[in-house]
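The primary structure of each chain is shown beneath.
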Amino acid sequence: MADYKTDMQAPANELASKVIGLHELMLYICGAIFVAVFGVMFYSIFKHRKSAGHKAANFHENATVEVVWTIVPLIILVLMALPATKVVLAQKDTKSEDLTIKVTGYQWKWGYDYLQDGVSFYANLSTPRDQIEDYQGQAANKGENYLLEVDNHLVVPVDKKIRLLLTANDVIHSWWVPAFAVKQDAIPGLIRDTWFKVDKPGIYRGQCAELCGKDHGFMPIVVEAKTQAEYDKWLEAKKKEIAAQQDDPNKVWKKDELMARGEKVYNANCVACHQASGQGVPGTFPSLVGSKITVGPAGGHIDMVLNGKAAMPPWKHLSDTEIAAVVTYERNAWGNNKGDLVQPSDVKAARK
Amino acid sequence: MTSATKTVEAPLHEHGHGHDHAHDHPSGLSRWLTATNHKDIGTLYLWFSFVMFMSGGVMALMIRLELFQPGMQFINPELFNQFTTLHGLIMVFGAIMPAFTGLANWMLPLMLGAPDMAFARMNNWSFWLLPPAGLLLIISFAVPGGAAAAGWTLYAPLSTQMGMGMDLTIFAVHIMGMSSIMGSINIIVTILNMRAPGMTMMKMPMFAWTTLITAYLLIAVVPVLAGAVTMLLTDRHFGTSFFNPAGGGDPVMYQHIFWFFGHPEVYIMALPAFGVVSQVIPTFARKPLFGYHSMVYATSSIAILSFIVWAHHMFATGMPAVGQLFFMYATMLIAVPTGVKVFNWIATMWKGSMSFETPMLFAIGFVCLFTLGGLSGLMLSIAAVDIQYQDTYFVVAHFHYVLVAGALFSLFSAYYYWSPKWTGFMYHEGRGKLHFWWSMIAFNVTFFPMHFLGLAGMPRRIPDYATQFTGFNEIASIGALAFGLAQIYFLFFVVMPQLRGGAGPASQKPWDGVNTLEWEVPSPAPFHTWETPPQRELVEQLSAAQKLH
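In order, the protein sequences belong to chains A and B.
Numbers 0 to 351, taken from numbering that gives the first Met the number 0, label the letters of the first sequence in order.
Numbers 0 to 548, taken from numbering that gives the first Met the number 0, label the letters of the second sequence in order.
Looking at chain A on its own, in the form it has when it is part of the complex (with noise of 0.2 Å):
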């Protein structure tokens, strides 16, 4: 059902508060000034009109009055200053941290690595994309939490100083959520920071704010918060299950093998530029079938995919498996019949 909201999310920690306190003292105050200036206008409206037969004034300047309302908007000024400028200070307060995560904004996902424990995971858009596509007017019904859930919560404990910091891989994003008063854009080539601590254990939930392509809308945050036991439970069941999914570096694979990762690691990271299809989208991002890149010698694809060039991100994060598999399904999907098989120890040599 829709509902019509008309103020701020609730806050989840003091900052917030403190932040939503005065975004309420601005909106008082503005609303005060607002019916007082119109209360005048409409007066002179209704009572000076010439059908009510009101004979013009013909005064046209007074120093006094120009001057004192010159004074008095400076004044009410600096009244809002002192309290904005106490809030802005705490907000950018970034030292004595208990925990630093690093969060990383790409198209179109995020990537979170919790820098002390070596824990490090992709948040993507879970709302099933049948929920989202509707051109043909019968779309399946839209989830709780349509559009705002992800396949992993980046998981925090509670009444800690957490501190995160932004960077991006491709273009700017922007990490926000309102319940925190955070919002930070994550720009590519730089390290951003800005802190949070969450009062109470729960789900809290934000969007990528920063225009960032096609899949801007589909770029949600969710912030699961923990008591300190049941988060340390969650990072000993985290680094596990990562270690468990952990490929040896010196396995050679064999070609259904590497097909079959291959279009694991291609719908999790190149579909969204280049289709499932692999035809990309026409002027934008180029197409992968019959390509100079994907059928010409397999030393230049590697590059392409580590390396990057103009609109193509580099890929770097991936692991050496990661970028074989996806390349040799890149050479060999889609009617591309290179045959040839690229192995982690061809990129291991190529990222030298």
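A few of these clues could be false.
Derived SDA-like pairs (lysine to any residue); straight-line CA-CA distance at most 25 Å [what the hints assert, rightly or not]:
#1 A:159 <-> A:98
#2 B:350 <-> A:52
#3 A:196 <-> B:319
Simulated from the structure, these hints should not be mistaken for laboratory data.
Following the hints, complete the assembly by docking chain B onto the known chain A.
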């Protein structure tokens, strides 16, 4: 209330008009293609702007259609981004800016007592650069990869990813910029050199002042934009790395350069509107403009301050605290001169003898809604809270209150106020009023709910949204459709009929209480006016009536 139209034609003194048949008066297609007459060029600008306004409006309606319900129903996200981008670019560079240049062309020589603009042939060139630019923007939808889809701000590095639609956009921005600079030079030289004898700077109509200051702003910042998009172009095609961190560039630098242009640009669209309203309100309040001098100083202060506040668009990029505080304080300061202007308009109405013909309705609508947009702007200036508003629908609501209710409403006000002089006919007062109330209500239905959407957490420029935002989006989409229809009504039921005779011939002074020079020429204004400058006594008499000294 229509009694104003019955005002007796009483020129303050005799001077010889109505003999323009003796002069060169081109006709047919060549009249328009080779136009050097300021009135013809003004008309061309206004029509061009209206066509662009309609095309940008269609794009806005496509956006609102897709956003009527959650889910992707009509257009895909790529096309959605193209519509948001081109809607912004076309409305700013194609609709609002040319409309004000058109007004300046039509009215400045008449108001200053000059026979034409200073550089009549350059005037032709500065207009005819615009249609190709507009065409480039429109045809960019048809090239491979489609139109630019990086938002009207064209932020790098997203804009370096685009297809050739971006190159067409960059080219269009370049030629529209050239057009603006030439137009500005013309305006500045006309105002500084071609005023009637006795008309000192401090006796000029307010509209001339705001246009003059705007022209200086344009000359200062348009080259900055040209620089930014040129760097973008070389990054895209010639291997430079101005904005590419992999080559040592900085994506944030693009934003600094863009907004150094972009913030003054906001005032380029707002200051001429202030000028229009400062002409209209005294006329219908039958009282001189209150605080003419402080209006001039406030306008100049706004223009100067506009250069030191650009980074308030960038609070979320991660500026140091000191930077945030500086830009916050400087931005808040703009509220002071803007407040002075609003108070002066209200003081002009105070104890007046007001009547509410359509130009006055639009002017009052402007004051109300622009002030509302200004107050939400003050809220946005607070860096700490801006973190919550930035890039949400709150911002979309804010700048539409400033630009639609500000710039566009003042343009409508100007149309109703001066069109009797342009066409020689009165518009239908009832239809004008209907246009006003229809626009006013539809505008608020469209944009007011966007404040709530932004506060509740809906980012801007998204093609699809969480279901909690459905209610207000439906309302906004319905309002947008109604607002669009109001403008079609304006074209077919106000403008077209008025060109064909309207509510009858307009008198030389259709309004009570007008004391500026443009009302000293007949309606319609003949092809050639002020070939001999107005008499010094006339100028002084009018200045005295406006209480200028």
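Hint check results:
no. : hint            : verdict
1   : A:159 <-> A:98  : holds, 7 Å
2   : B:350 <-> A:52  : holds, 11 Å
3   : A:196 <-> B:319 : holds, 20 Å
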